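Protein chains in written order, with the working numbering: chain A, 155 to 553; chain B, 4 to 271.
Careful, some of the hints might be misleading.
From the structure, some residues in chain B lie toward chain A, with a derived Cβ separation under 10 Å [claimed, not checked]:
#, residue
1, GLU38
2, GLN39
3, ALA158
4, GLY161
5, ASP164
6, GLU168
7, ALA170
8, MET174
9, ARG177
10, ARG180
11, THR184
12, VAL185
13, PRO188
14, LEU189
15, LEU247
So these bits of chain A aren't anywhere near chain B, every CB distance computed over 10 Å [stated by the list, open to error]:
#, residue
16, LEU196
17, GLU245
18, ALA246
19, MET251
20, SER255
21, HIS261
Quick list of simulated restraints, FRET-style, between CB atoms [stated by the list, open to error]:
#, chain 1, residue 1, chain 2, residue 2, range
22, B, ARG177, A, ASN335, 28 to 36 Å
23, B, LEU17, A, ALA304, 56 to 64 Å
24, B, ALA252, A, ARG279, 30 to 38 Å
25, A, SER255, B, GLY6, 45 to 53 Å
Hints in this document: simulated from the structure, not taken from any laboratory. The structure displayed is predicted, hence computed values, not measured ones. Glycine included, each C-beta is placed from N, C-alpha and C at the ideal position.
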Amino acid sequence: MMQQAVQAHAPAEGPAPLGAAISLKDLHLGYDRTDVIAGLSLDVQAGEFIALLGASGCGKTTLLRALAGFVPVRQGQILLDGTDLSHTPPEARGMAMMFQSYALWPHMTVAQNIGYGLKLRGQSRAQIAARVADIAGLVGLGDLTGRRIAALSGGQKQRVALARALAVDPPVLLLDEPLSNLDAGTRGTMRHEIRALQQRLGLTTILVTHDRQEAMSMADRVVILNRGRIAQIGTPEEVYHRPADSYVARFMGATNTLPVDLGGGEELILSLPDGARARLPRAALHVPQTVAPGPAELIFRSDAVELGEVNGAGQGGAGPNSAGLTLRGRVAQHSYLGSVYRHEIRIGALRLMADAARKMPIGADVDACIPATALSLFPARSQTAVTGSKAAAPVAHPL
Amino acid sequence: MPGLLRSTLVGLVLALLALAIFGPISNMILWAFTEQWYFPAKLPQAYGFAFWERVFRPQGNAMVSLVNSVLIACMTVVVSLAFAIPAGLALGRGRLPFRVVFLLLFLLPQAFPSLAVHMNIARIFYTIGLNGTFLGVVLVHALQGMVFSVWIAAAAFGAVDRELEEAAANMGARPLRVFFTVTLPLALPGLMASAIFVFLISLDEFTGTYFVGVPDITTMPLLLFTASMEGNYQIASITALLLLVPSVAFMLVIERFLKSDVLAKVGH
Numbered sequence: 155m156m157q158q159a160v161q162a163h164a165p166a167e168g169p170a171p172l173g174a175a176i177s178l179k180d181l182h183l184g185y186d187r188t189d190v191i192a193g194l195s196l197d198v199q200a201g202e203f204i205a206l207l208g209a210s211g212c213g214k215t216t217l218l219r220a221l222a223g224f225v226p227v228r229q230g231q232i233l234l235d236g237t238d239l240s241h242t243p244p245e246a247r248g249m250a251m252m253f254q255s256y257a258l259w260p261h262m263t264v265a266q267n268i269g270y271g272l273k274l275r276g277q278s279r280a281q282i283a284a285r286v287a288d289i290a291g292l293v294g295l296g297d298l299t300g301r302r303i304a305a306l307s308g309g310q311k312q313r314v315a316l317a318r319a320l321a322v323d324p325p326v327l328l329l330d331e332p333l334s335n336l337d338a339g340t341r342g343t344m345r346h347e348i349r350a351l352q353q354r355l356g357l358t359t360i361l362v363t364h365d366r367q368e369a370m371s372m373a374d375r376v377v378i379l380n381r382g383r384i385a386q387i388g389t390p391e392e393v394y395h396r397p398a399d400s401y402v403a404r405f406m407g408a409t410n411t412l413p414v415d416l417g418g419g420e421e422l423i424l425s426l427p428d429g430a431r432a433r434l435p436r437a438a439l440h441v442p443q444t445v446a447p448g449p450a451e452l453i454f455r456s457d458a459v460e461l462g463e464v465n466g467a468g469q470g471g472a473g474p475n476s477a478g479l480t481l482r483g484r485v486a487q488h489s490y491l492g493s494v495y496r497h498e499i500r501i502g503a504l505r506l507m508a509d510a511a512r513k514m515p516i517g518a519d520v521d522a523c524i525p526a527t528a529l530s531l532f533p534a535r536s537q538t539a540v541t542g543s544k545a546a547a548p549v550a551h552p553l
Numbered sequence: 004m005p006g007l008l009r010s011t012l013v014g015l016v017l018a019l020l021a022l023a024i025f026g027p028i029s030n031m032i033l034w035a036f037t038e039q040w041y042f043p044a045k046l047p048q049a050y051g052f053a054f055w056e057r058v059f060r061p062q063g064n065a066m067v068s069l070v071n072s073v074l075i076a077c078m079t080v081v082v083s084l085a086f087a088i089p090a091g092l093a094l095g096r097g098r099l100p101f102r103v104v105f106l107l108l109f110l111l112p113q114a115f116p117s118l119a120v121h122m123n124i125a126r127i128f129y130t131i132g133l134n135g136t137f138l139g140v141v142l143v144h145a146l147q148g149m150v151f152s153v154w155i156a157a158a159a160f161g162a163v164d165r166e167l168e169e170a171a172a173n174m175g176a177r178p179l180r181v182f183f184t185v186t187l188p189l190a191l192p193g194l195m196a197s198a199i200f201v202f203l204i205s206l207d208e209f210t211g212t213y214f215v216g217v218p219d220i221t222t223m224p225l226l227l228f229t230a231s232m233e234g235n236y237q238i239a240s241i242t243a244l245l246l247l248v249p250s251v252a253f254m255l256v257i258e259r260f261l262k263s264d265v266l267a268k269v270g271h
């Protein structure tokens, strides 16, 4: 028994045991006749933290539920350390899931909820009690273990759900929007706590979320899903700064879209909607896809825009030609975001969002300078193809 | 002034309600302790326990009927739960085709006149030797309570959150284990409610017992019927009071385990 207790402590103290590696091969999942996930392949290393990020309806939750065994696999494989689990029932998969609703059993106490999996594994009462106390301490539940579920706050329920999942020493931890029901403050701390726990225990973790900040702050790699397909896989820095397509760019918060007409070779010649022309070195821009001459779109973040008054002397080096674009517009609206003021700039029929530390008065004429390195160039798409705009922050629509 | 009018009206309605509820009961209580009460008199002329002695004397079959009634009611609860749990599980989960048709099917015994139903059941039971047996009476009572037990059980199982079961499976519980540790405990309040209904229905059941049980099986309602037919109001009232005992006892037992707010959740 003593040995058991030591073993139970091990993940918390000793060298972190690695979770299992997951490999998805050509996975097809769906309900009724439609495939929600069609031909998805993904390799997750042992101990890695992966975030599945996407707008609602992109299939991320379906994918997570399929990993847990609640959605049947139509085609393809789910490999856990090389073993195919695609037709294993949920109870034999060993993937502990934390549900968005927490799914805590209201007819049990906190301790009974956490100890449920241990009881199933035939552990003695003393072992279960020790492990429950251990885990409760680990997730910061302290002495709440005797409470009923109904007597807990949202944040406490969330901790119980996490503790229940961790109690069984799962090789894989599945998190389904774990923080979406918490208030902003608790959410921030829980992000760090979950990440720290995951690192300490070495669990392979898959997080489903629609919150890009949550995905970026917690995960080693972010998988962005769009309509059942992987739009991009990469580190948070990669998906943030080097989006693979315009969907990813918009989803990662690049709210400004500038329709342009493209010409030239190594030097890009852009015809701006206001009729002006700009020349930019192709190498400076982020151009992940082949873009044919003709209609294209430039996408950039609101914080990349530098605002200057038109007559302003303090405009510095951002000239109208060389290392970026300069657009002249008028301030239509602004809002205070805490660290910056977000300005809505009208340039003809176009609206852009631009962040600045200083508040420009409404109606003022401004120069909006965007450095070439902050621009991403993508092939133009029809407006109907724009998806994910709901999940991203306000999108600049050409009017 | 409107306030006064309002409170007068409320008081009046409450008084009428109290009269409707307690009037018959108080009349019954009066009759139970009456030895003489002739027509023009507003109240009994003589009180006493003479009729209680008659009811409880060994050759009077009140005690046998009471035991029969309670036994039959308990067995009916067991039988109908044994049927309502699987049926409610199947119907409550909504996967069954023609779910509504099945639910309405259980209403059928109630939809036809109970005399017609019971007469024909008696005819069938007679041919297969169930007439005049405990089992026969229990089955008839279970049929009467079926619509309540199945409908309430279906609502109770339907109200159990699927994710709670998934969470148990996710922790490693096999389907049967999930059912006994999560589904059943969560549906229990509803099942208890259906048990109360079935128990009370069985305790009160008359026509079915009359057709299937008589003369071998006598229950309290039958005794009550015989006594009132004979104009023996004392015996009838005492029997009715006795009939209250198991009902109230059963409800008190249930109330100890169930709060009314749990019962109110049935069907949500």
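Status of each hint after checking the structure:
no.: 1; hint: GLU38; verdict: violated (54 Å)
no.: 2; hint: GLN39; verdict: violated (57 Å)
no.: 3; hint: ALA158; verdict: violated (17 Å)
no.: 4; hint: GLY161; verdict: violated (17 Å)
no.: 5; hint: ASP164; verdict: holds (7 Å)
no.: 6; hint: GLU168; verdict: holds (9 Å)
no.: 7; hint: ALA170; verdict: holds (4 Å)
no.: 8; hint: MET174; verdict: holds (4 Å)
no.: 9; hint: ARG177; verdict: holds (6 Å)
no.: 10; hint: ARG180; verdict: holds (7 Å)
no.: 11; hint: THR184; verdict: holds (8 Å)
no.: 12; hint: VAL185; verdict: holds (6 Å)
no.: 13; hint: PRO188; verdict: holds (5 Å)
no.: 14; hint: LEU189; verdict: holds (6 Å)
no.: 15; hint: LEU247; verdict: violated (33 Å)
no.: 16; hint: LEU196; verdict: holds (21 Å)
no.: 17; hint: GLU245; verdict: violated (5 Å)
no.: 18; hint: ALA246; verdict: violated (8 Å)
no.: 19; hint: MET251; verdict: violated (5 Å)
no.: 20; hint: SER255; verdict: violated (6 Å)
no.: 21; hint: HIS261; verdict: violated (5 Å)
no.: 22; hint: B/ARG177 x A/ASN335: 28 to 36 Å; verdict: holds (30 Å)
no.: 23; hint: B/LEU17 x A/ALA304: 56 to 64 Å; verdict: violated (35 Å)
no.: 24; hint: B/ALA252 x A/ARG279: 30 to 38 Å; verdict: holds (36 Å)
no.: 25; hint: A/SER255 x B/GLY6: 45 to 53 Å; verdict: holds (48 Å)
Checked against the numbered hints above, the structure breaks hints 1, 2, 3, 4, 15, 17, 18, 19, 20, 21 and 23 and satisfies the rest.
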